[in-house]
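K.L.:
Sequence:
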Amino acid sequence: MSKYVNQIRSRNFSLKVLLFILATLFLGNTAIAAIIKVPNDHPSIQSAINAAKSGDVIWVKEGTYTENITFKEENVTVVGSWNSDFSGRDWNNSPSIIDGGGNGSVVIGVHKTTLDGFTIRNGNAQFGGGIFVEEAAMNIWNCRIENNSAQKGGGGIYIKTIPSASPFPRIDNNTISSNQVTAGSGGGIYLESGAMAIKNNTIENNSATRGGGGISIMSAPSLPYTDIENNTISSNETGGKGGGISIRESDRGIRITNNVIARNEAHSGGGISLRDTPLFRIEDNEIHNNKADKSGVRRSGGGILIIRGSRNAEVIKNRITGNIAADRGAGIFLQGGTFIGRNFIQDNITTGEPSGGGGLWLTTPDGVTAPKLVNNFIAGNKAKGFGGGGIYIEEGTDHHIINNTIAHNEAPVQKGGGMYVAFNASCVIKNTILWDNGDNLHLVAPAESYVTYNDIEDGPGAGAGNISEDPLFNSDGLHITKGSPCIDAGHSGGAPSVDYDGDGRDSKPDIGADEFVPGPWSCPVVRAAEASYLESHIDAIRDFRDEHLVTNSSGRSFVELYYQFSPSIVTHLDKHEHLRTLTRWGLTPVVYSIEYPRTALAIGLVLIFLITSLSYTRIRRNIDKRS
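Going letter by letter, the sequence shown gives residues 0 to 626 in numbering that gives the first Met the number 0.
Please keep in mind that the hints were generated in silico from the structure rather than gathered at the bench. Possibly wrong hints are sitting among the right ones.
Said to hold, decoys possible - DEER-style ranges, computed between Cβ atoms:
id, residue 1, residue 2, range
1, 598, 87, 24 to 34 Å
2, 396, 102, 51 to 61 Å
3, 43, 101, 12 to 22 Å
4, 368, 92, 45 to 55 Å
5, 396, 532, 17 to 27 Å
6, 535, 604, 27 to 37 Å
7, 458, 396, 18 to 28 Å
8, 492, 396, 16 to 26 Å
9, 532, 506, 51 to 61 Å
10, 469, 422, 30 to 40 Å
11, 469, 92, 55 to 65 Å
12, 542, 100, 47 to 57 Å
13, 458, 307, 30 to 40 Å
14, 487, 368, 23 to 33 Å
Glycine residues also receive a C-beta, built at the ideal position from the N, C-alpha and C atoms.
Please put together the full structure from these sequences, using the hints given.
P.N.:
In structure tokens:
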């Protein structure tokens, strides 16, 4: 018995020793990390940094600090915009301002450090007027970086050579504005030889002489990707390439997603310029009202300029509208192979004399893979001089134009309002609508092109399966309606599995970017919403279907069942207007719950609380009556 007790005591003692060691380590580490307050503990930010150890956090009170700061230790975080008693922060209305006084970079960062919640202004340096980081990974969060200048690169931020084994650094939720580079690139941000995330920023009114008015990236590595996501990049300019974004000589690993890229201006590549970058993805962006019209020649790519692209690169699901190029490719200028799919390319204009390719200008030098265009709406674009209101193909073989809708474009001076295929070019045009473009398709002999299974106004050509019949567009002028001759008139060979909207295609695909299906355009929801205040919200319902229902088995089953009974329900709705009205009333809370989920949740919780309170009150009254 005593032996058993001794074993228990021994184990308890060992456990206590282990707990003591763990507690010592934990408390020891906690003791090492300190919070240093400025100006309470140190009068300046730099003196606090000089005193900080690895792991320390520096809190900086609101106010203006005229100094240039240099981080010393790794793993130090400097947090600004605290109020007077350090109980809260407001970097928008009560910032901590670091004013460099025009004397070098305002902030010089080191590895694994974070700068959070400051206004950085009045820096002036060769590189990195606002923030300079070299051979280090630094996080920059919640800052305003404004009115800084650099001579050679990075007016706002300059980052060079991020170590490959670094934690993935982020430039997140900043406003980077009114910075300039006088003899180099990257008015807002310059990044070279490193990968990082640039997310949720406003990058505006920056300028650079040579390229990348907003952002300039050079030599990004293959992995991990450099992500440019969810930013507003607007009103930046450069005399070179890439008014909004310039990317050069990056082997691979660039993703540009879900940004608004607008009103930027450059010689070429008003919105985005990519050069010698074989692997990239440009997806779900709004690219509008950019210009490629600075002084010079061959001013190309109002929205996007791609030089020496690759079949491994993608431009997908973007809205590219209202861009201008003085010479070529107002929407997109593309040299070399890239997949262009499910884009909305509209109202882009080339303005010079001569100029061409209002929507797209494609050119493929010998020995280079040609691009592939699939499921695009190319509409309302305009080209002067060379022609090609929708598309101009300058040179190269094996361009594939598959299941596109090219409509309402114009080339008032030359031919090829829809498409112009030049002397040294050839292509495959298949399952494509060319309608209401004036001269819809102009093929310059002896270009050897294969034109089959298309709907081409004023003459389908000799290819198999071509027709020349009104495609019966709906009110948007692009989607086809019930009874369209394009339905089931395409060829399955090489056809994509889905259409522009993500609707599936079967073994008899439709001609054009849109696959007519009863669901999206003739279902009860759409029929009830037509010509009412809900019509503009149909896309939100469809997005909810695509993102939350068809992505799981139970949701797909519901959608399939819904579409199975849709025709009979639609017929009933057409006969009884009061049922359409009732359906609209029922749809209204559903639509607003989809578009404003947080508000809907809050209202739901309030209703639950009220119902619960009323129920409880009623139950109490009944109990009181009985007693």
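K.L.:
For every hint, state whether the structure bears it out.
P.N.:
Now for the hints, and whether the structure bears them out:
Range check, residue 598 to residue 87: Cβ separation about 25 Å, and the 24 to 34 Å hint holds. At roughly 58 Å, the beta-carbon separation of residue 396 and residue 102 lies within the given 51 to 61 Å, and the hint holds. For residue 43 paired with residue 101, a C-beta distance near 18 Å keeps the hint of 12 to 22 Å intact. Under the hint 45 to 55 Å, the C-beta atoms of residue 368 and residue 92, about 53 Å apart, fit the expected range.
The supplied range of 17 to 27 Å is broken by residue 396 and residue 532, whose beta-carbon atoms lie about 51 Å from each other. Distance hint check: the CB atoms of residue 535 and residue 604 are about 28 Å apart, consistent with the given range 27 to 37 Å. For residue 458 paired with residue 396, a C-beta distance near 24 Å keeps the hint of 18 to 28 Å intact. At about 19 Å, the beta-carbon gap between residue 492 and residue 396 stays in the expected band of 16 to 26 Å.
Range check, residue 532 to residue 506: Cβ separation about 39 Å, and the 51 to 61 Å hint is violated. Between residue 469 and residue 422 the beta carbon distance is about 32 Å. The supplied range of 30 to 40 Å therefore holds. Between residue 469 and residue 92 the C-beta distance comes to about 58 Å, which sits within the given range of 55 to 65 Å. In this structure the supplied range 47 to 57 Å holds for residue 542 paired with residue 100, their Cβ-Cβ distance being about 50 Å.
Roughly 36 Å separates the CB atoms of residue 458 and residue 307, a value that falls within the hinted 30 to 40 Å. The beta-carbon spacing between residue 487 and residue 368, approximately 32 Å, falls within the hinted interval of 23 to 33 Å.
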